[in-house]
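*Asks:* Throw the hints in and build the complete structure from the sequences for me.
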Amino acid sequence: MIIQEISAAAVIPFGTWLLAQQGRGGFIGGLADAAAGDRSFPRTGDIEDARKWLQRRMASGDDWEALDDAELDWLSL
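Mapping the sequence shown onto the working numbering, position 64 (from 1) lands on 98, and the numbers just tick up by one.
These aren't lab readings, by the way, just hints derived from the structure by calculation.
Among these hints, one or two may not hold up.
Derived pair list, reagent style SDA-like, types lysine to any residue, alpha-carbon separation capped at 25 Å [claimed, not checked]: (1) K86 / L53; (2) K86 / G59; (3) K86 / W98; (4) K86 / D97; (5) K86 / G49; (6) K86 / P76; (7) K86 / F75; (8) K86 / I46; (9) K86 / D107; (10) K86 / G71; (11) K86 / A68; (12) K86 / R73.
Computed from a prediction, not measured in an experiment: that's the story for all the values here.
*Replies:* Right, dumping it as structure tokens:
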């Protein structure tokens, strides 16, 4: 029998995971709060969809850092 380990990141879309981080505090929590308040955020999108969303918002450097940190957290699931 072959057992494959599947990470949660492979199953949970990045956008869904980020929205679940609301109220977390810190930069990731702030990004999650902003995403939740924006109807154009790709709720079931991947990390590239989130990057495009930040580009459209003309996000600050802190937002980009928060997205990078969030991606690392998501990938570590």
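*Asks:* Please go over all the hints and tell whether each is borne out by the structure.
*Replies:* Going down the list of hints, with the structure as the test:
1. K86 / L53: holds (16 Å)
2. K86 / G59: holds (23 Å)
3. K86 / W98: Roughly 11 Å between the alpha carbons, so the hint for K86 and W98 holds.
4. K86 / D97: holds (13 Å)
5. K86 / G49: Roughly 12 Å separates the two Cα atoms, so the pair holds.
6. K86 / P76: With a Cα-Cα distance of about 9 Å, the restraint between K86 and P76 holds, given a limit of 25 Å.
7. K86 / F75: holds (10 Å)
8. K86 / I46: With Cα atoms ~19 Å apart, K86 and I46 stay inside 25 Å; holds.
9. K86 / D107: Distance ~19 Å between K86 and D107 Cα, so the pair holds.
10. K86 / G71: holds (17 Å)
11. K86 / A68: At roughly 15 Å apart (the allowed maximum being 25 Å), A68 and K86 satisfy the hint.
12. K86 / R73: holds (14 Å)
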